[in-house]
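*Asks:* Since chain A is already given, all that's left is putting chain B on it; use the hints.
2 protein chains.
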Amino acid sequence: MAKLLRVDMSEARVAIQELPQYLKGLGGRGLCSALIYHEVDPLCNPIGANNKLVFAPGLLAGTNCANSGRISVGSKSPLTCTIKEANAGGQAAGHLGRIGIAGIVLEGAAQSGRLFKLYVSPKKAELLPADELKGLSNYQTVELLKGQYGEKVSFITIGQAGEYLLSAASVAISDREQRPTRHAGRGGLGAVMGSKGLKAIIVDPGEAKSAPIVDEAKFKEAAKRFAKALQDHPVTSQGLTNYGTAILINIINEAGALPTRNFSSGRFELAERVSGESLNEITTKRKGNCSHGCMTGCIIRCSGDYMDENGAYFSKWPEYETIWAWGPNCGIGDLDAIAKIDRICDDIGVDTIEMGNAIAVAMEAGIKQFGDIEGAIELIEEVGKGTPLGRILGSGAGVVGKVFGVKRVPVVKNQALPAYDPRSIKGMGVTYATSTMGADHTAGYAVGANILKVGGYVDPFAVEGQVDLSRGLQIATAAIDSAGLCLFVAFPMLDIPDALQAVVEMLEAKAGVSMGGEGFQELGKKVLKMEREFNLKAGFGPPHDRLPEFFKLEKLPPHDSVFDIPDEELDKVFNFV
Amino acid sequence: MAKLLRVDMSEARVAIQELPQYLKGLGGRGLCSALIYHEVDPLCNPIGANNKLVFAPGLLAGTNCANSGRISVGSKSPLTCTIKEANAGGQAAGHLGRIGIAGIVLEGAAQSGRLFKLYVSPKKAELLPADELKGLSNYQTVELLKGQYGEKVSFITIGQAGEYLLSAASVAISDREQRPTRHAGRGGLGAVMGSKGLKAIIVDPGEAKSAPIVDEAKFKEAAKRFAKALQDHPVTSQGLTNYGTAILINIINEAGALPTRNFSSGRFELAERVSGESLNEITTKRKGNCSHGCMTGCIIRCSGDYMDENGAYFSKWPEYETIWAWGPNCGIGDLDAIAKIDRICDDIGVDTIEMGNAIAVAMEAGIKQFGDIEGAIELIEEVGKGTPLGRILGSGAGVVGKVFGVKRVPVVKNQALPAYDPRSIKGMGVTYATSTMGADHTAGYAVGANILKVGGYVDPFAVEGQVDLSRGLQIATAAIDSAGLCLFVAFPMLDIPDALQAVVEMLEAKAGVSMGGEGFQELGKKVLKMEREFNLKAGFGPPHDRLPEFFKLEKLPPHDSVFDIPDEELDKVFNFV
Chain A
1 MAKLLRVDMS
11 EARVAIQELP
21 QYLKGLGGRG
31 LCSALIYHEV
41 DPLCNPIGAN
51 NKLVFAPGLL
61 AGTNCANSGR
71 ISVGSKSPLT
81 CTIKEANAGG
91 QAAGHLGRIG
101 IAGIVLEGAA
111 QSGRLFKLYV
121 SPKKAELLPA
131 DELKGLSNYQ
141 TVELLKGQYG
151 EKVSFITIGQ
161 AGEYLLSAAS
171 VAISDREQRP
181 TRHAGRGGLG
191 AVMGSKGLKA
201 IIVDPGEAKS
211 APIVDEAKFK
221 EAAKRFAKAL
231 QDHPVTSQGL
241 TNYGTAILIN
251 IINEAGALPT
261 RNFSSGRFEL
271 AERVSGESLN
281 EITTKRKGNC
291 SHGCMTGCII
301 RCSGDYMDEN
311 GAYFSKWPEY
321 ETIWAWGPNC
331 GIGDLDAIAK
341 IDRICDDIGV
351 DTIEMGNAIA
361 VAMEAGIKQF
371 GDIEGAIELI
381 EEVGKGTPLG
391 RILGSGAGVV
401 GKVFGVKRVP
411 VVKNQALPAY
421 DPRSIKGMGV
431 TYATSTMGAD
441 HTAGYAVGAN
451 ILKVGGYVDP
461 FAVEGQVDLS
471 RGLQIATAAI
481 DSAGLCLFVA
491 FPMLDIPDAL
501 QAVVEMLEAK
511 AGVSMGGEGF
521 QELGKKVLKM
531 EREFNLKAGF
541 GPPHDRLPEF
551 FKLEKLPPHD
561 SVFDIPDEEL
571 DKVFNFV
Chain B
1 MAKLLRVDMS
11 EARVAIQELP
21 QYLKGLGGRG
31 LCSALIYHEV
41 DPLCNPIGAN
51 NKLVFAPGLL
61 AGTNCANSGR
71 ISVGSKSPLT
81 CTIKEANAGG
91 QAAGHLGRIG
101 IAGIVLEGAA
111 QSGRLFKLYV
121 SPKKAELLPA
131 DELKGLSNYQ
141 TVELLKGQYG
151 EKVSFITIGQ
161 AGEYLLSAAS
171 VAISDREQRP
181 TRHAGRGGLG
191 AVMGSKGLKA
201 IIVDPGEAKS
211 APIVDEAKFK
221 EAAKRFAKAL
231 QDHPVTSQGL
241 TNYGTAILIN
251 IINEAGALPT
261 RNFSSGRFEL
271 AERVSGESLN
281 EITTKRKGNC
291 SHGCMTGCII
301 RCSGDYMDEN
311 GAYFSKWPEY
321 ETIWAWGPNC
331 GIGDLDAIAK
341 IDRICDDIGV
351 DTIEMGNAIA
361 VAMEAGIKQF
371 GDIEGAIELI
381 EEVGKGTPLG
391 RILGSGAGVV
401 GKVFGVKRVP
411 VVKNQALPAY
421 DPRSIKGMGV
431 TYATSTMGAD
441 HTAGYAVGAN
451 ILKVGGYVDP
461 FAVEGQVDLS
471 RGLQIATAAI
481 DSAGLCLFVA
491 FPMLDIPDAL
501 QAVVEMLEAK
511 AGVSMGGEGF
521 QELGKKVLKM
531 EREFNLKAGF
541 GPPHDRLPEF
551 FKLEKLPPHD
561 SVFDIPDEEL
571 DKVFNFV
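So the sequences go chain by chain: A and B.
1 is the number of the first residue of the first sequence in the numbering used here; add one for each residue after it.
1 is the number of the first residue of the second sequence in the numbering used here; add one for each residue after it.
Isolated chain A (complex conformation) (with noise of 0.2 Å):
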């Protein structure tokens, strides 16, 4: 059985101990939810001693399964003042899964000003002064790392405006190259590894090979469907495997759903040039791979590798998510600068997303103007440096509305929106209402049947049925982020039924349980309804699964459409709890 490893950064001690009974059977989000709702108080303070920071792999990590090494980082958020579970892909799961680690847990607070790394391997876990790391970023402390830990080992760091304690700071996971590429971004997790006063934590799997599995047989079987469904699925096999989640760009923009300019417009004019098949033909013309997985057995390589304009190697592919916060919602329509503050970005140690919405609501307030490069440069190079509009923008896009005064401020639990408009698509907006976790797109992606077309259709401008596809979607996406699964294993999951099936019989066959279908949902409703109960208790219901006042009010061009569905029906969403 997989341990837990707590780490009391008072005391700087480290304990290795058997998974309470309250965390027997979870994995990833699910074990992070659980640990947080159990041991920490929904009133504390997000950066005090009282908070705890857990990094759990998923019930899969560390196997053959395919796409398996998503890591949940759990914690009350700084920028939520909610539960918060921010997943990433990269190497650390995969390695904490061979190595039997269940669950890191920080506890406590270094002593103010100093910094520590903790290192794990099968045959040890200790927690080493780092304060030579201090001020460094994540590109800068991952190659100080790699000359003391070797190649074989992967990174959990934070860049400055982790140490800053900043809302938007990020959690960099180390992908196969020992980049600080994949972040657990959402929520400001980066400020709670800050406020701890730990730097950098080094995984090294040593010898351990695989997580051990009950049914070896069992699962090697299922693996093999599992992996299968993925290369049977257009979407897990073409679309993302050649153009990246950038594939949405021209998509979503064609839906009239890709907010422009601070969430003023649905459709950018320029959306081609940042779309994803802009994004395969400068890769291709640059002689760049456009199939890169950020983990050991991934088969889906939604990602490539960014290169510049003399064809070497600068950053990773920029995600659709991040061209579209510093793109369309920037009013910038160029690919090489996206790239450029997608690397600072993963430097620093900053959520995309929340930095994106937080620079397009300064140029709302005429810090800068819409579609300004250098000026987007320089704000977000401020950031790293500190400074008070540094930390202002470094605080999310909420701070800055309240800042600078400005009304059209996309925020769902002080939580910036994704790149999709509510009012275009409203599944996901019942999505970024209602979520355990302030607006994110990934708690329950309504995308998939509101316009791909992917496990049903419910049309995205109805009022109708997106309530119901938004709670499956999150009851659903929570046993997902347990498994340590991608999550975009669930468009053949959603369309493939042996592909379900064949998860279901993984988890099964690795914990020597018998779970089914019905056991799956299960330990979702189980994820949420510890997260919703917690939330609760920490001051969030209904009032607060609300969108702001202006997606109700102001028409979304070109379809003029706001966002209607009735509060009564947001509060059905959780009806099962």
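I should point out that these hints are in silico values taken from the structure, not numbers from a laboratory.
Treat the hints with care, since some could be wrong.
Since copy identity is lost for identical chains, a pair holds within one copy or between any two.
[Unchecked claim] The calculated lysine-lysine pairs, modelled on DSS-like cross-linking and capped at a C-alpha distance of 30 Å, are:
(1) Lys552 with Lys529
(2) Lys285 with Lys572
(3) Lys526 with Lys123
(4) Lys152 with Lys555
(5) Lys218 with Lys572
(6) Lys537 with Lys525
(7) Lys220 with Lys146
*Replies:* Positioned in the frame of chain A, the structure of chain B alone reads:
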């Protein structure tokens, strides 16, 4: 019957109307809160067109009842996002009462960038363009308006902070000398006024002599008894009259409850230098007036003239809260400096409590050192300039804490705490935690019973009795604020039974109704119930009725006390709702 003046800022139209049924019998805070409760969506954007801003004189305004000239300003607060009423002295309420206006309601919002002024007299009400006032401070604005409207009018204005829509922006009310020294400070109502595009209200009483009174003889007799009670009670005839509210500095310091250097101690080693006694001494030495009333009919006269080193008038006496905020809380022991900062705050138009806390939190973050006078002045001047740092500070202590990652941030519902540490005056802690207004000492001034032994005695360190004390005070205060009486009349009202009786009789005589002491209580309860109900709909319930975590965890020197009133006790405050 007094009328309602509705001002549609979107259409630049004014209309006089009868009071709607739900506002009848209400004035001041009661009228403000009832209007917001009945007409404003609790989830609206506080700086959006759907919020409303109300100015209401109390029920006794415009009569010869002593100290009846408080003006209530009500809205949904941009600082707390709860309902909000802030009241102030000065001349405007008396003038409005005489004119027969029960309330001015600002609705909608002017086109962005446009600025207006509202002129109100017994003959007309008109909204006029006032773009020439753009960017002016309160003193500059008033100076310019005096030239246009003469010396008999009163002004309600905002400074730059209100135009910037900052959450610490106040609404300034001119005093008897037409100086903008009286502020409805709390909750950022100046930002709401700014968001509407209104820079100034000019209230011209013209020939209007007195508000109509149904039973003049009864009123006159009761008013006389009430005035006598004020003259008989030592607090309202000696303490406040000679030393101002600053008489509390030595008292609260002695009690070990004077929050020092951002609530890290309850004693300030330089308290004596900034005490009421020192204020009297320095003023006497410089040949200033130590007893100045801010409104016609004030017989307490807690204010005074702060003279500069050459004996020239410099500013009004800074109040206890202001002296504390910039003195002990910022580690500054210099009255000249505090008076200077106070005048800047009046001029820019910001709440001194919120700003003093904001800068103390910034000092804790290391932006300036505690005790740095020039540094504090520099910071407050940044607010007036609207620099990024100034905007952070002007957004209040909560935002400063968030942006700079400070862990000790003394706010409830995002409103900064006043000058009584809740660990050593626990009754105040109950009021801070549960008030419908966020942390607000005036909402239920338990210092009376906890420290001054006015209206009984409850041990300030005891757990028992504080909830009942705070509840009773919160109810009585809501009624007093509705009458438009200066809250200091509560001292005699708590100790001299005839003082309450006289107030009830004046209210009865003025309106020609029968009310009784019971009716006065019911008025208070009715107002509180509406405010509470609004807040629940806005998403504020029991989990928000809590002090920040550090008050429970960090012991306050010199008594090493913590705030230990159980949450379940706090939840009993509203058991009458």
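*Asks:* Decide, hint by hint, whether the structure agrees.
*Replies:* Taking the hints in turn, this is what the structure says about them:
Taking the shortest Cα distances, Lys552 and Lys529 sit within 30 Å of each other both inside one copy (28 Å) and across copies (29 Å). With identical chains, the CA atoms of Lys285 and Lys572 are never at most 30 Å apart, being 50 Å at best within one copy and 70 Å at best between copies. Taking the closest pair of Cα atoms, Lys526 and Lys123 never come within 30 Å of each other, the shortest separation being 34 Å inside a single copy and 67 Å across copies. In this homomeric assembly, Lys152 and Lys555 never come within 30 Å of each other (Cα to Cα): the closest approach is 52 Å inside a single copy and 48 Å across copies.
In this assembly of identical chains, Lys218 and Lys572 lie within 30 Å of each other by CA distance neither inside one copy nor across copies; the values are 39 Å within and 58 Å between. Taking the closest pair of Cα atoms, Lys537 and Lys525 come within 30 Å of each other both inside a single copy (18 Å) and across two copies (27 Å). Neither within a single protomer nor between protomers do Lys220 and Lys146 lie at most 30 Å apart by alpha-carbon distance, with minima of 34 Å and 87 Å respectively.
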